[in-house]
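Undergrad: Modelling step: build the complete structure from the supplied sequences, incorporating the hints.
So the sequences go chain by chain: A and B. Residues in the first sequence are numbered consecutively from 1, following our numbering. Residues in the second sequence are numbered consecutively from 157, following our numbering.
One or more of the hints may lead you astray.
Estimated spans, in silico, between C-beta atoms of each pair [claimed, not checked]: (1) B:Leu160 <-> A:Glu67: 22 to 30 Å; (2) A:Phe154 <-> B:Asp207: 52 to 60 Å; (3) B:Lys218 <-> A:Glu126: 17 to 25 Å; (4) A:Lys69 <-> B:Lys234: 44 to 52 Å; (5) A:Phe12 <-> B:Lys218: 29 to 37 Å; (6) A:Val156 <-> B:Asp207: 57 to 65 Å; (7) B:Lys218 <-> A:Cys15: 27 to 35 Å; (8) A:Asp104 <-> B:Arg249: 33 to 41 Å; (9) B:Thr261 <-> A:Lys69: 42 to 50 Å; (10) A:Trp4 <-> B:Lys241: 19 to 27 Å; (11) A:Val10 <-> B:Val162: 15 to 23 Å; (12) B:Asp219 <-> A:Thr146: 25 to 33 Å; (13) A:Ser37 <-> B:Lys218: 38 to 46 Å; (14) A:Gln31 <-> B:Asp207: 33 to 41 Å.
Just so you have them, the derived chain A footprint on chain B, three or more residues with Cβ under 8 Å [what the hints assert, rightly or not]: (15) 179-188; (16) 235-246.
Calculated from the structure, these hints are not laboratory results. Yeah, the Cβ is synthetic: ideal placement off N, Cα and C, and Gly gets one too.
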Amino acid sequence: MNFWMDNCYVRFKDCLKNVDVLTINDEEARQLSEEYSLVKAAKIIQKMGPKYLVIKKGEHGALLFGEEKMFFAPALPLENVFDPTGAGDSFAGGFIGHLQKTGDISFENLKSAVIFGSVMASFCVEKFGTERLSELTDNEVSNRLTEFVKLSSFSV
Amino acid sequence: MSILIVGTVAFDAIETPFGKTDKIVGGAATYISLAASFFSNKLRLVSVVGDDFPKESIQMLKDHKVDTEGLQIKEGEKTFFWSGKYHNDMNSRDTVDTQLNVLETFDPILPESFTR
Chain A
1 MNFWMDNCYV
11 RFKDCLKNVD
21 VLTINDEEAR
31 QLSEEYSLVK
41 AAKIIQKMGP
51 KYLVIKKGEH
61 GALLFGEEKM
71 FFAPALPLEN
81 VFDPTGAGDS
91 FAGGFIGHLQ
101 KTGDISFENL
111 KSAVIFGSVM
121 ASFCVEKFGT
131 ERLSELTDNE
141 VSNRLTEFVK
151 LSSFSV
Chain B
157 MSILIVGTVA
167 FDAIETPFGK
177 TDKIVGGAAT
187 YISLAASFFS
197 NKLRLVSVVG
207 DDFPKESIQM
217 LKDHKVDTEG
227 LQIKEGEKTF
237 FWSGKYHNDM
247 NSRDTVDTQL
257 NVLETFDPIL
267 PESFTR
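TA: This is the structure in structure tokens:
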């Protein structure tokens with residue numbers, strides 16, 4: 001996205017007005033908003049158009065903003081990360097795939113979508129290129145979802 | 157409702173602290189399609205490749221229930237190529253080479269079947 005910000009900023013800003021959900025990484029969010037704090041950056045970017053915003057923070061997970069609410073999805077700490085290429089795209093694929101499957105765009109379901117995005121990104125980085133995703137099974141996806149639930153659930 | 161994916165289908169050459177690849181299949185639209193295919197069987201892809209792009213990789217997308225009718229294959233032209241090197245923390249990377257090739261003149265066209 002840096003490419004579009006650097007090369008056709010006006011058209012890019014125009015396009016943003018029509019966006020419902022934008023997924024970008026922390027660096028892009030800071031460049032776009034000219035604000036270092038991601039919470040402040042999110043507010044600024046939402047004023048540009050997107051109703052919901054996902055800020056991906058690589059190995060540190062992702063933040064979802066919208067409806068004056070905020071949600072954090074962790075990334076699964078992995079023993080071996082071979083190649084981060086495509087992780088953000090895999091995140092977007094899992095995210096939008098879950099929304100299409102469920103047909104539900106409530107904030108609660110967007111939270112689940114962010115987790116499914118993180119699940120797909122966690123597989124992507126385990127091998128070079130598309131190898132891991134192309135051989136992946138539904139069973140592995142559901143097992144990893146359980147790992148995500150265990151990773152971040154606790155009682156008070 | 158279906159998911160329309162417009163983006164790059166590409167060749168990447170990648171170097172990370174764990175190894176190095178020659179040209180392998182990549183591109184944002186490829187990753188998005190594959191990841192989304194675990195949830196949705198209504199995926200429609202609009203992109204462009206050259207005739208150097210492996211038929212098996214297009215078949216791999218089809219096997220994942222991706223409708224590739226919107227994937228243009230340009231005879232005598234080369235697929236978009238990106239090469240990058242990751243730093244030790246894997247969070248940042250340098251672009252080594254970008255060859256736009258077919259992307260330079262790409263005109264995304266929605267096939268008639270995608271409008272239904």
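Undergrad: Would you mind marking each hint as holding or not holding in the structure?
TA: Consistency of the hints with the structure:
Checking the proposed 22 to 30 Å range against Leu160 (chain B) and Glu67 (chain A) shows it holds: the Cβ atoms sit about 25 Å from each other. For the pair Phe154 (chain A) and Asp207 (chain B), the supplied restraint of 52 to 60 Å holds, since their beta-carbon distance comes to about 54 Å. Taken as a hint, the range 17 to 25 Å holds for the pair Lys218 (chain B) and Glu126 (chain A), whose Cβ atoms sit roughly 24 Å apart. Against the hinted window of 44 to 52 Å, the Cβ-Cβ separation of Lys69 (chain A) and Lys234 (chain B) comes to about 46 Å, which satisfies the hint.
The beta-carbon spacing between Phe12 (chain A) and Lys218 (chain B), approximately 33 Å, falls within the hinted interval of 29 to 37 Å. Separation of Val156 (chain A) from Asp207 (chain B) is about 60 Å and conforms to the stated range, judged on CB atoms against 57 to 65 Å. Distance hint for Lys218 (chain B) and Cys15 (chain A): a CB-CB separation of about 30 Å, consistent with the stated range 27 to 35 Å. Range check, Asp104 (chain A) to Arg249 (chain B): Cβ separation about 35 Å, and the 33 to 41 Å hint holds.
At about 43 Å, the CB distance of Thr261 (chain B) to Lys69 (chain A) agrees with the hint of 42 to 50 Å. Look at Trp4 (chain A) against Lys241 (chain B): about 23 Å separates their beta carbons, and that is inside 19 to 27 Å. For the pair Val10 (chain A) and Val162 (chain B), the supplied restraint of 15 to 23 Å holds, since their beta-carbon distance comes to about 21 Å. For the pair Asp219 (chain B) and Thr146 (chain A), the supplied restraint of 25 to 33 Å holds, since their beta-carbon distance comes to about 26 Å.
Distance hint for Ser37 (chain A) and Lys218 (chain B): a CB-CB separation of about 45 Å, consistent with the stated range 38 to 46 Å. Under the hint 33 to 41 Å, the C-beta atoms of Gln31 (chain A) and Asp207 (chain B), about 37 Å apart, fit the expected range. Remark: the region 179-188 of chain B is confirmed as covered by chain A, as 8 of its residues place a Cβ nearer than 8 Å to a Cβ of that chain, reaching the required three. For the region 235-246 of chain B, the stated coverage by chain A is satisfied: 3 residues place a CB nearer than 8 Å to a CB of that chain, which reaches the threshold of 3.
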